[in-house]
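We have chain A already, so just place chain B on it with the hints.
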Amino acid sequence: MNEVVPPLLHRRRLYLWGALALVMIVLPLVFNKGFALSLMCQISIMVIFSLSYNMLLGNTGLLSFGHAVYFGTGAFATMHALNLLGKAGMPLPVSLLPLVGGTAGLLGGLLFGYVSTKRAGTTFAMISLGIGELVASASLMFPAVFGGEGGVSGNRVIGKAVFGVTFGPQIEMYYLIAAWAFVSIVAMFALTQTPLGRMANAVRDNPERAQFVGYDPEWVRYMMMILAGFFAGIAGGLSALNYEMVTAETLGAWTSGVVLLMSFVGGIGFFYGPIIGAVLISMLAIGVAGVTKAWLFYFGLFFLTMVLYAPGGIASLLTMHKRLWNAGQLLKVMPAYAVVALPLLLTFGGVVSLVEMAYHHAEGVDTPLQMFGAAIDVESAASWLAAMVGLAAGLFLLKLTWRRVSEAWRQVLAGLEGKGAA
Amino acid sequence: MSAPALQLTDVQKSFGQTLIINGVNLSVPQGERHAIIGPNGAGKSTLFNLASARFPVSSGDIRLKGESVASLKPHQINRRGLSRSFQVTNIFTNLSVFENVRCSVLWSLNYKYSFWHRLAALRDANQQAHRVIGEIGLAHRSDTVAGVLSYAEQRALEIGITIAGGADVILLDEPTAGMSKSETRDAVALIRRVTEGKTLIMVEHDMSVVFDLADRISVLVYGEIIATGTPAEIRANRAVQEAYLGTSFTEENHD
Chain A
1 MNEVVPPLLH RRRLYLWGAL ALVMIVLPLV FNKGFALSLM CQISIMVIFS
51 LSYNMLLGNT GLLSFGHAVY FGTGAFATMH ALNLLGKAGM PLPVSLLPLV
101 GGTAGLLGGL LFGYVSTKRA GTTFAMISLG IGELVASASL MFPAVFGGEG
151 GVSGNRVIGK AVFGVTFGPQ IEMYYLIAAW AFVSIVAMFA LTQTPLGRMA
201 NAVRDNPERA QFVGYDPEWV RYMMMILAGF FAGIAGGLSA LNYEMVTAET
251 LGAWTSGVVL LMSFVGGIGF FYGPIIGAVL ISMLAIGVAG VTKAWLFYFG
301 LFFLTMVLYA PGGIASLLTM HKRLWNAGQL LKVMPAYAVV ALPLLLTFGG
351 VVSLVEMAYH HAEGVDTPLQ MFGAAIDVES AASWLAAMVG LAAGLFLLKL
401 TWRRVSEAWR QVLAGLEGKG AA
Chain B
1 MSAPALQLTD VQKSFGQTLI INGVNLSVPQ GERHAIIGPN GAGKSTLFNL
51 ASARFPVSSG DIRLKGESVA SLKPHQINRR GLSRSFQVTN IFTNLSVFEN
101 VRCSVLWSLN YKYSFWHRLA ALRDANQQAH RVIGEIGLAH RSDTVAGVLS
151 YAEQRALEIG ITIAGGADVI LLDEPTAGMS KSETRDAVAL IRRVTEGKTL
201 IMVEHDMSVV FDLADRISVL VYGEIIATGT PAEIRANRAV QEAYLGTSFT
251 EENHD
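Chain order of the listed sequences is A and B. When we follow this note's numbering, the leftmost residue of the first sequence carries the number 1, and every step to the right adds one. When we follow this note's numbering, the leftmost residue of the second sequence carries the number 1, and every step to the right adds one.
Just chain A, with the same shape it has in the complex (with noise of 0.2 angstroms):
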């Protein structure tokens, strides 16, 4: 057999990582406000966190409500290391704690992971969301260890300074969590190339057929489930270090809800689909925040839309476009692209028109609401009219041009497929 045994890495994907590190590298001198800086650390939080969430979703399809209790150990464990430093001075560098809570996140998934990855499906569904609202009503009912509704706070700024780093200024904060966010991903697609990560992905498609074939898929459940722990609870050590402040909040459903939206608005069938989605979403929710008070309604409705019409995520859409790209066939969609632009802009000012209206209504402030360069005056029935003939009109349109994008679409896959049949 004349197979030869890969290198340990791939050229192509050594460039990869390569490219990945110096983004991460380079970033923060370009973008180097203090808004950016912290957007930037708060995303490479949230790439751990969201990668470690699809270790049981998209490789093992263990959907959890409730990831954010290993999320939020690893931070609590993480900040109360870091006031037992601070207090006595322990040996354990600043830089190394996010490991303290990894470790905590990796206990929380042998002791939580027992329970709940007997089964898959439902009931594993429901065991995370119960297991989550448990922690997190604990967390309340325990001020000593959860801080109570204050939370904890520490200071990341102990000890001796090595090479001259005390992790005060943001900056410092910032390489401190690239860099546990380069290992992290690594580490996390490593695990895919293993036995334990292909057997993951068998589990997920036929756990049956991977009892025939010698494993138990409880037993692959949980190691997924542990090693998830494990991660996440790095994510929220680095987060507690972060914000030098961790709250129950941490560890609750918004924050189990979040990570399910940033992996899947990003694509669980690839492994870097959580990554978009985390940058995405991190950005949008600073970026829509800032704007609109109905941020989280607009969050809702563009989950929705994902769900309901690219169910395989940002990646899903990326690689479709890429297989046109590769095949030099990109241009013939765009023509299709085009027609659909205006009724979907349509749609869009439409729905936002409407939404912020509302808003701006239910305030019962008496200024007219500023938008798309116009002052509206909620109050007058014209404006509502118009915003919904708008919305009506470009739904209608988006319905009666879609089809050139689907036909468009139709035609450049089977003429790829004619090629490659041929």
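The hints are simulated quantities; they were obtained by calculation from the structure and are not laboratory data. A quick note: this is a predicted structure, and the numbers were derived from the prediction, not measured. The C-beta atom is built at its ideal place from N, Cα and C for all residues, glycine as well. Keep in mind that a hint or two might mislead.
Straight-line C-alpha distance at most 30 angstroms; calculated DSSO-like pairs for lysine-lysine [said to hold, decoys possible]:
hint : chain 1 : residue 1 : chain 2 : residue 2
1    : B       : K73       : B       : K112
2    : B       : K112      : B       : K65
3    : B       : K112      : A       : K118
4    : B       : K198      : B       : K73
5    : B       : K198      : B       : K112
6    : A       : K118      : B       : K73
Cβ-Cβ distance ranges computed for the label pairs, FRET-style [claimed, not checked]:
hint : chain 1 : residue 1 : chain 2 : residue 2 : range
7    : A       : A190      : B       : A3        : 38 to 46 angstroms
8    : B       : H140      : A       : A392      : 47 to 55 angstroms
9    : B       : G23       : A       : R410      : 53 to 61 angstroms
10   : A       : G257      : B       : E224      : 25 to 33 angstroms
11   : A       : T123      : B       : S27       : 37 to 45 angstroms
12   : B       : S68       : A       : H321      : 38 to 46 angstroms
Just chain B now, with coordinates in the frame of chain A:
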């Protein structure tokens, strides 16, 4: 003499009030090709499900190479060298053909739940997977996602997954069901090739396949084995002829 590859003693199975398997005794020596035949609903697949621990037995004992396995789970029985295929194709549909087969060799090569080995570097696993894929004639489909294979290809993959781990007791549940004549011929040749030197127990409806492959045949009717013997003995058995009355159990039908 070594212990039988598979031995069923007074095995009973009931679902609720319904007795499906009623005191089956069966002993298959190592290296034998044994076929289980019988009318629809006789309990053939149930028998397989009991032997592979998919269902627990209601009573009785099952021994694999002399060791009682009646209380084990499917993965534990598989690790002791019993592997099975399914009547309804049961593969990892989202994984490639290669990944399907490689998943089936990992445990037997002792990689277990390793998350520190790199799959691409597992020379033994990859070579064994490639060899099996070659044997089942799917080398040209190696990178194809299993879910999009043709029916016959999926059946071949099903057999590949079953034998890849090197189990020495192979249970095949209707391996040629739904196949055309030529596909059946290929499948029989494949089964003969890949079970060489192993114990094969198969449930099969196609009598030409049964009489072609089997060293011995057991006839299961209403959850009981009414006869066990060589193909010639079974053909001559009056009770069997009666059980199969109307389906013309004659010479010209199966050559």
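Each hint tested on the structure:
| no. | hint | verdict |
| --- | --- | --- |
| 1 | K73(B) x K112(B) | 16 angstroms, holds |
| 2 | K112(B) x K65(B) | 23 angstroms, holds |
| 3 | K112(B) x K118(A) | 19 angstroms, holds |
| 4 | K198(B) x K73(B) | 22 angstroms, holds |
| 5 | K198(B) x K112(B) | 24 angstroms, holds |
| 6 | K118(A) x K73(B) | 14 angstroms, holds |
| 7 | A190(A) x A3(B): 38 to 46 angstroms | 44 angstroms, holds |
| 8 | H140(B) x A392(A): 47 to 55 angstroms | 54 angstroms, holds |
| 9 | G23(B) x R410(A): 53 to 61 angstroms | 60 angstroms, holds |
| 10 | G257(A) x E224(B): 25 to 33 angstroms | 57 angstroms, violated |
| 11 | T123(A) x S27(B): 37 to 45 angstroms | 40 angstroms, holds |
| 12 | S68(B) x H321(A): 38 to 46 angstroms | 58 angstroms, violated |
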